[in-house]
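Assemble chain B onto chain A, guided by the hints.
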Amino acid sequence: MKSKSAKKKNWAEAFRKLLLGTNDRLGLIMKTFLYVMLSALGFVYIYPILHMAVTSLKSLTDLLDPSVQWLPHQLSLDNYEKALDVMGFQEHLWDTLLVSFLPSLCQTASCALAGYAFARFRFKGKNLLMGCVLLTFIVPFPVLMVPTYTLYSDYGILGSILTMILPAVTGQGLRSAIFILIYKAFYEQTPVSLDEAARVDGASEKRIFFTIGVPLGLPAMLTTFLFSFVWYWNETYTTSLYMGNAALGDTHSVSTLLMELSKFEDSYKAYLEKVSGWAAKMGGATNVQNEAVTMAGTILTILPLLIIYFCLQRYFTEAIDRSGITGE
Amino acid sequence: MKKRRFGLVTRREMKGYIFLLPWLIGFVVFFALPLVQSFIYSLSNVKMTAAGRKMSYAGFQNYAYLFNEDTVFTGLLSAFYQDAVLRLAVILVFSLVIAMMLNHNIKGKGVYRTIFFLPIIVVSGPVLQRLMDEGATTVPLIESYGVSGIISALLPGSLANPLNSLFTQLILVLWYSGVPILIYMAGLQKIDKVVYEAALIDGAGGWVAFWKITLPALRPMILINGIYTLVFLATSGLNDVIAEINSRMFNTSFGGGYGVASAMAWVYTVTLAVGLSVIYLVTKPRKATQVEVVKTREQVRVERLHAQRAARRKGGRHEK
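If you read the protein sequences in the order shown, they are chains A and B. Taking the numbering used here, I'd label the letters of the first sequence as residues 89 to 416. Taking the numbering used here, I'd label the letters of the second sequence as residues 39 to 358.
This is chain A alone, in the form it adopts within the complex:
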């Protein structure tokens, strides 16, 4: 009799533990709550992107039918074909790749040098200069907008990709300060004993940097390059200011996909006029705004980034751990 009730108690205890958890383990209730909350929030997070993707696949009839929300009757890739044409995708993809690839490469190199200097050398005014690095992060871009614009126009490089590359080469590109901090933290964490050994053996500082510093810093470089690439890809203020306002008649002006996306409506109108001729113009068909095509254009613009992100997401999310922000 007694053992039976004790057994029952045991069961009850175990059940309670399972539900509410112990000190070092989460209970079932809490766990379910966590998963539900995280999944719901995760859905909210990617809702805009999902919405975009679904809308971009809708045909015109589905688009106008309010009962069709998530599942189009048929998947139509027409919108994508149109969007490709409207944006002049091939041509501007090349521009975009150029505008994101070259500056980020330069930035990866220049910030590595600066971060290495801050981590491995002692020199006068180091703290002051470090403060200057932070200052470049905090001061918003508009303050520098007018003078740099006149500077570039005086040198006649407005509208060329040099306006992106030159600051990047000298460590003043997009959010360079963050990358310098990442490198600094990274090089402070790596041991100096190799450097010391090389120095004893009479290697020059240049050689130490290239044979020890660079290979050691590869993970930080990859992180820097990826973020830099993404940020340059997404940049519109500087690109449209320096390259969008190029002198009239300049046929070789650079235009990125993002810049094309921001004037998508106008391009779409022009496209419709071109395709359907004057009759459509008279009939008012050019006023038709097709959300599906716009969304397809948006998806196309961010698609390369999404692919990069999902292939290499580890390097993105580990960046924070690597940045030494927690102050080891």
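Note that these hints are calculated values from the structure, not bench results. Take the hints with a grain of salt, since some may be wrong.
Stated by the list, open to error - Pairs of lysine-lysine residues, derived as DSBU-like cross-links and limited to a Cα-Cα distance of at most 30 Å, are as follows:
id, chain 1, residue 1, chain 2, residue 2
1, B, K228, B, K147
2, A, K119, B, K85
3, A, K214, B, K145
4, A, K119, B, K250
5, B, K145, A, K119
6, A, K119, B, K147
7, B, K228, A, K214
8, A, K170, A, K357
9, B, K231, A, K105
10, A, K214, B, K53
11, B, K231, B, K145
12, A, K212, B, K53
13, A, K105, A, K119
14, A, K119, B, K228
15, B, K53, A, K105
16, B, K322, A, K294
17, B, K228, A, K105
Below, chain B without anything else, positioned relative to chain A:
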């Protein structure tokens, strides 16, 4: 001997400067000089002529114009800061909640991390603009329950407007939490589990442990996140203030031009600096303050007894 060592040190120092040289050049050419230049612009009348730019000193005329005559810019600026305060609070709290949930030992942590970090890849002015036009930036439920109507009916305009803009762009605001989440997570992982166990033994529940252990330990992270978030909000692709400065720069017909645009930019920068220092002052790491021990009456009595006894014993010894 001593001199030579000193020489070696300075030579090392020179090499440090050499590695830093590209950045130094860039700092002077693309940052420091333009900064000074833009301040000079903001104090002058800049006219574009066929021969080039013509500048004449105008004192603080441009600034006076901004504050006395121009209503657009100051309006945009105050709207931005009203929005920013609200969004900063939402982002800081929301990302902390997410980070704490992810800090538990759960499966699929990597997947969630990937999802919460994803927006960083996608946020850019035109893309966000498209999404907002589509109405895809708010939680559908909020719209269908007419939350914004309720808010405008109940609250005065100065409070209702930022709240409404928060709700219509709720997902975008949450999207800015990607980096703060990861920073908080890095901070949370650094807190020693032993501290929590000790607190548990002393009878502190989860709630108390959060306020007494987690939050103080995360203080530096809150500082970093606050500064990061404000800077990103201030330079985001949807920022009306920047767009206004940008358009004013070339719009010479109506209170525009380089001078006024520069003055605007400087006002913006200074207010931003004030905002950042407020964040710093509120969240800066405090020195460990000594806990003042409040004695109960009983303790005081016992102590007095001990003292008396000790004195008596001492006195007794002396007598001997």
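So, going through the hints one by one against the coordinates:
At roughly 17 Å between alpha-carbon atoms, B:K228 and B:K147 fall within 30 Å of each other, so this suggested pair holds. Simply put, A:K119 and B:K85 have alpha-carbon atoms about 66 Å apart, too far for the 30 Å limit, and the pair is violated. Between A:K214 and B:K145 the alpha-carbon distance is near 44 Å, which puts this suggested pair outside the 30 Å criterion. Annotation: proposed proximity of A:K119 to B:K250 holds, straight-line Cα distance about 24 Å (limit 30 Å).
Our distance criterion of 30 Å between C-alpha atoms is met by B:K145 and A:K119, whose separation comes to about 10 Å. The suggested pairing of A:K119 with B:K147 holds, with an alpha-carbon distance near 13 Å, which does not exceed 30 Å. About 28 Å separates the Cα atoms of B:K228 and A:K214, which keeps this hinted pair within 30 Å; it holds. Using a Cα cut-off of 30 Å, the hinted pair A:K170 and A:K357 holds, with the two alpha carbons roughly 12 Å apart.
Annotation: proposed proximity of B:K231 to A:K105 holds, straight-line Cα distance about 21 Å (limit 30 Å). The suggested pairing of A:K214 with B:K53 holds, with an alpha-carbon distance near 13 Å, which does not exceed 30 Å. About 20 Å separates the Cα atoms of B:K231 and B:K145, which keeps this hinted pair within 30 Å; it holds. In summary, the hint linking A:K212 to B:K53 is supported, as the alpha carbons are separated by about 12 Å, within the 30 Å threshold.
Distance check on the hinted pair: A:K105 and A:K119 sit about 13 Å apart at the alpha-carbon level, within 30 Å; holds. For the proposed pair A:K119 and B:K228, the alpha carbon gap of about 23 Å is at most 30 Å, so the pair holds. Under the criterion of a C-alpha separation no larger than 30 Å, the hint pairing B:K53 with A:K105 is inconsistent with the structure, at around 63 Å. Of the supplied pair hints, the one linking B:K322 and A:K294 is violated, its CA atoms being roughly 39 Å apart against a limit of 30 Å.
Between the alpha carbons of B:K228 and A:K105 the distance comes to roughly 28 Å, so the proposed pair stays at or under 30 Å and holds.
Going through the hint list in order, the structure does not satisfy hints 2, 3, 15, 16.
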